[in-house]
Every structure is written in C-alpha cells, then in structure tokens.
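For the protein sequence lines, the chains are A and B, in the order given. Okay, so the first sequence: first residue is 11 according to my numbering, each after it adds one. Okay, so the second sequence: first residue is 64 according to my numbering, each after it adds one.
Hints were generated in silico from the structure; no laboratory data involved. Cβ atoms here follow ideal geometry from the backbone N, Cα and C, with glycine treated the same way. Incorrect hints may appear among the rest.
To be verified - Derived lysine to any residue pairs resembling SDA-like cross-links, with alpha carbons at most 25 Å apart:
1) A:Lys190 / B:Val314
2) B:Lys300 / A:Asn230
3) B:Lys112 / B:Glu276
4) B:Lys208 / A:Arg267
5) A:Lys269 / B:Glu243
6) B:Lys288 / A:Thr225
7) A:Lys130 / A:Ile78
8) B:Lys118 / B:Asp142
9) A:Lys190 / A:Ser165
10) A:Lys190 / B:Lys260
11) A:Lys373 / B:Gln309
12) A:Lys406 / B:Leu306
13) B:Lys260 / B:Ala153
14) B:Lys300 / A:Gln375
15) A:Lys114 / A:Thr208
16) A:Lys406 / B:Glu243
17) A:Lys269 / B:Glu231
18) B:Lys208 / A:Lys114
19) B:Lys288 / A:Arg52
20) B:Lys242 / A:Lys130
21) B:Lys112 / B:Val262
22) B:Lys288 / B:Leu306
23) B:Lys281 / A:Ser161
24) A:Lys38 / A:Met11
25) A:Lys304 / B:Asn289
26) A:Lys19 / B:Asn289
27) B:Lys242 / A:Gln375
Said to hold, decoys possible - Computed from the model, here is a short list of chain A residues facing chain B with C-beta under 8 Å:
28) Ala53
29) Ser201
30) Gly327
31) Val367
32) Asn374
33) Gln375
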Amino acid sequence: MRIEVRSEKCVGCQVCIDSCPYTAIVMKDDKAFINEYCQFCRACVSVCPEGAIIEIAEEGDKVKPADISDYKGVWVFAEQRHGYIASVAFELLGVGRKLADARKTTLSAVLFGSSENEAKELVKWGADRVYFCGDAIFKDFNDEPCSELLSRLISEHKPEIVLAGATPIGRSFIPRVAAKLKTGLTADCTSLEIDAETGNLLQVRPAFGGNIMATILCPNNRPQIATVRPRVMKRGEYVSDRSGEIIKVESGNLLCRTKVVETVTEESSCKVNLQEAEVIVSGGRGLGDAKGFKLLEELAGLLDGTLGSSRAAVDEGWIAYSHQVGQTGKTVCPKIYIACGISGAVQHLVGMSSSDVIIAINKNQEAPIFNVATYGIVGDLYDVVPMMIKKLKEAKA
Amino acid sequence: MNIVVCIKQVPDTAEVRINPETNTLIREGVPSIINPYDTHAVEAALQIKDKTGAKVTVITMGPPQAEDALRETIAMGADDVRLISDRAFAGADTWATSYALYKAIDKIGFDIILCGKQAIDGDTAQVGPEVAEFLNIPHIAYVRKVEDVSDKSIRVQRLMDDGYDVVESSLPVLLTVVKEINIPRLPSLKGKMAAKKAVITKMDINAIGAEVENVGLKGSPTQVKNIFAPDAKVDRKVLSGTLEEQVDALVKELGVMKCV
Ligand SMILES: Cc1cc2nc3c(=O)[nH]c(=O)nc-3n(C[C@H](O)[C@H](O)[C@H](O)COP(=O)(O)OP(=O)(O)OC[C@H]3O[C@@H](n4cnc5c(N)ncnc54)[C@H](O)[C@@H]3O)c2cc1C
Ligand SMILES: Nc1ncnc2c1ncn2[C@@H]1O[C@H](COP(=O)(O)O)[C@@H](O)[C@H]1O
C-alpha cells in the first residue's frame, strides 16, 4: 500500500501536515508531499478537505490471512508474585468476560506457579476454566519458561484473544510469545472492544507520550494479544460459589537460561500503595515547595487517603518517585482524586482520568485539569486546602 | 566480546503539543532525539567496554536521517555503527521491526545486546524481548544495575513493581535498561571529531538477508486503524458562590461520598 497526494487536487492548505503524527508530510512546490517517514496510519487521508490524499493498493498487499477461523475463546494470563495472584488478573477477567460474551465464547485463565487454591479464586472472579501449572520452575519469574509454556498452550488450544497485565512481568515475557507465534501484540491498552461487524478486537492505546490515542487491529493473525495496565479495567463480579474447571498442565522440559538469585522487596513502594487507595490527594508544581505536601498529607489523613503527585513535583525533589501518577508513573483509579496545583498535562491525565470523582484545585481557570474535573475550584490551594481541612474537622467533631 | 546496542530516533514527545482546535499533533519544530532510554543502553555498553575491552556496535533501523543519531553515539565512544534502512522496512510494527533487527544483529555477531526499556514514541517495550526470542537467547528486562559480567555470564538487578530481583544469565543475552542504571556520558572532543569523519555503513534488506514478506507493513500483524485525540469524559458539577461557599458545598459532597 502507498499513501499518495494527488497534486492536481492539493490546494496547499497544510491541514494534513498537522495531522501527521510522524512528520512524514512536507511542502514541496506549494503541494503536500509524503516522505519516507510515512507509517501508513491514514490520519492525513481522513483530514484532507479536498480528498487529495488517497490510499493506493499495491501488488502483494493482500496478506494471506492465516487460518484464523479455528481460533476460539478468550484467555487471561493471571500473573502471580510470591504465590499471590496480582490484582490486575481480576481486572482482566472483568473485561475478558465482556469480550467472551460478545464473541459468545468461553473465558479461561492461565496460572503458572502459585497454588490450586489461588486457581480456584480465578473461577470465582469469572473464569470458566483455568489452565494451571504449579511446577517449581515458576516460583520465581523467568521469561523463557513462561513464554515457552504459554506459547505451547496457545498452539494447542487456539484462543482468539489473549490478555495479560502491562506489568514488569507481562510486558517482559508476552512479547516473546507474540514473536514465537507470529502474531500482533498491543501494549498498554486502555479500552478493548469487539468490532460488531468483523469480530476483530479493537485495541485502544495511548501513543506519543499520551498525546494521541490509536486504535490497533490484528486482523489476519491469531491470537490477538494485548496487555492492559493495572487499574484501567473494572473487576468483574466475585461469586464465591461459581464453578469452573481446573485443568492441570505438565510443564515438561522447559529451557531456562536465567536464574533469580535474590528477590528484594523495597519498603517505600509498598507503603504508598497508590493503586489500592480509595482516595488520593495529589500535588504538583503549584505547591511551590516540599512543605506543601505536609498540608496535603493532613487532608489525605482526614479522608483516609494517600499522597500522589505529578512528575513536576517528583522532578523538583519534593516527593519520592513512587508517588508519581501518570504515563511514566502509576495508573490509578480511586473513588476520589484531588489534584492540587496540577495543570493536567496529558501525561498526567492518562494516569488518573478514570478516577470516579476528580476534584481540581488550581488558581488558573484555564488549566486543562478542569476539563476532566467533576468539581473544580479556581483558587489558591493555600486558601482552599486549609479551609477544607477545617471544615472536614468540624464535620467529624 | 561483542556488544550490540539498538537505538531509535524519536520525536521529542516532551515537545509535542496538541492543537485544541483541530485535535491534531503540532509537530512543527519538534526536534528528533535519541530515545532517552537508549542513551542509557549506550552508556551501559560503554561501561562494559571500559571494563572488558568489548567492541560496541550501535545499530538503528530507520530512515536515512537516523544517521544523525548514530553519529551521536560515535561521539560518546561507540566503535562501529550500522544504519538498517530500506524503503521496504516502512510501516513496521514491533514484530517486523524486531525481525529486521534480529536479521541484522545475527549478521553482525553478538555476546550482549542492549536495548532501552521502551521507545517514547510508541511506549511498547516489546522490541527488546522480541529480538531475543527471534535470536533464541534469554533476555532480562528493566535492568537497573549490572552487578557483574564475565565472558560466560552476567548478573544484574531487574526492577520489579515491589522492589528488584537479582538475576543471572548465561551469555549471549539481551538486556533492556531503565534510566536508573547510569548517567550517560557527554561526547568527548575526540569523539566529536570521529563522529564527523565517520562513514556510516548502511544495510538494506539484502544485506541483512531478510524476507520481504516479513518486513515493513507487509510483515506487521498489527495495523493502526485510526488515531484520535484523547477525549475528556466529564460529568461536571458546578460549585458556585464565594470560595468559602464552594468549599462548603464540596465538603458536603465529600461527606456523601465518603461518609465523613
Ligand atoms: C514522556 C513523558 C512522560 C511524562 N510522564 C508524566 C507522568 O507520569 N506524570 C506526570 O504527572 N507528568 C508526566 N510528564 C510531565 C507532564 O508533561 C507535565 O510536565 C507535568 O505533569 C506537569 O506537572 P504539574 O501539573 O505539577 O506542573 P505545572 O504544569 O507547572 O502546573 C502547575 C499548576 O499549578 C497551578 N498553581 C500554581 N500555584 C498554585 C497555587 N498556589 N494554588 C493553586 N494552583 C496553583 C498552576 O496554575 C499550574 O496549573 C511526562 C512528560 C513526558 C514528555
Ligand atoms: N527502529 C529501531 N531501531 C533500533 N532499535 C529499536 C528500534 N525500535 C525499537 N528499538 C529498540 O527497542 C527498544 C524498545 O522499543 P519499543 O518496543 O518500540 O518501545 C528501544 O529502546 C530500542 O532499544
């Protein structure tokens, strides 16, 4: 395929240039010209007001679809650490259930390591079936055995969709599975839906540092594999007497050329526990100095919440990185998110915009944070926050 | 010992802004930089070179302009560079990118391959592990420290959500590195001279011995259906009155939500 500008139709308005995320369009003799940076995303095709940009099919375009009709069922890789299933697995079962229902098929979970009791939890969270391998090789996380066994199971059972957490574990070994099986993998999806017409998985993810969203398809290969960040999807319903099938899997001989010699748990990241918090009070550069967080801490304390921050506040050295929310920090989804002195850059918003209620306190009424805020107060946080603290104390008394 | 470092030239996403009227990216004047994580990978390679005398080859797959990125790494101290460039590679997703890199690296020879944790344009973090799979070698992602390295093995710290793991691997191995691993050195004067003079070796699809149906758009299982601006879902509630009245109303709402 090629994307081409019909120069006789091009009026030189340059709308396409702004639309191109790859700076692949330049002006030549007052006409748009597409250069070798083009990634065929078609953004320009749809924005051109003159219809001057067209897609041209080329010899050999039609990739012969692999036989994808045998692939059925939705799978969730349930990662575990120190024997416990990570909470992202339950969230994946939530969205996996919806996808499986839309495709009128079954939902299975895959668990390597941990115990059969934990495997049963996956059934209660919505899995119809759990492929479970409790072998000792899975006690610590090593990429090779995980990718080899998961690839083998996928080849045997042919699921059409496989979901995993976009965690250090999922993001590390799932790409090997995609490479082995020659299929597509979409990282860090924020929304997953079935295209009613084609049955394909529509995978939405942020790109360019969160500045744009892209919908990704994997039309000709199976399974369609996606990773999802923790706290992006809602958990399904927990039904303690739901029944399902536990299928024990033999690991056989798995190659493993890496070895975990020590596992160190660091205190600080545990104490913060942003991803489990129901209330987060976050501060940004608007705090002005590190002492501002003392004030926020008092507010957070009254609401049984915890402290978050923007990257700017972390970069200033006012608070530890483990508190950072956003693209390069944590994704959070609390009931209440209070942003104090945070402008609301997209990189921050991608990490918190799915919070149930967002409260923004900022002295600049133009700050983009107000676009996502349920409640916005335009004012100096050093007036507003102490007032809130006082009133909350009164309400408690 | 041979070390291969994979780098990518990316738009500086910190400079990318969105045009609120057209909902499109404003890319005018946005500079191209070496993916920040990759400069840490280059530094990690150079530190191993300083210790063991290894040869460091830096490669990138990209359009001809990506040559500039390679020159920067020569200035830092890379021994050799390769530009993997061919019209046929355009439109590659991570599968097709990893395939092309694997073919090139296999031709160059390697004991250790270093990649950045992720590229800041796509943020996928997939290319490193996929290259390792194609080459049938182990990999360790999110490396924050190299504790020890010998001819046969390496020991590193791998960053995890709740701390870190100390992991050992036999060589050859591929590592992807996080920023905490080091502070990249500045180019030396001698390096800058070398960078200016260097002739950049290009490798096209034939030179790397890749099959045409596995590269570029054709070799890519995933397709971009469309791109759009992130939407702001809001169910906005208005607070009115003086600041004090607004705070009063808010605290009442908080009370309802939280049962203060
Ligand atoms: C690749 C990449 C990844 C990134 N990842 C992240 C990330 O994970 N998380 C993140 O947060 N950022 C991230 N950023 C940075 C992001 O672009 C912004 O720079 C950052 O979020 C800004 O932080 P801020 O809102 O605290 O600061 P600013 O943008 O400086 O905003 C400060 C705000 O405080 C207000 N203010 C000032 N004084 C007061 C006062 N007394 N009372 C009330 N309001 C006041 C101002 O009006 C202003 O709106 C990333 C950037 C890039 C390029
Ligand atoms: N086109 C490329 N050329 C060379 N290396 C690349 C390329 N794309 C990605 N990489 C490497 O793979 C890492 C992860 O990239 P990504 O999977 O795109 O997030 C980067 O930090 C680079 O080390």
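Checklist entry - Quick check: which numbered hints come out false for this structure? => result 1, 2, 3, 7, 10, 13, 16, 18, 20, 22, 25, 27, 29, 30, 32, 33
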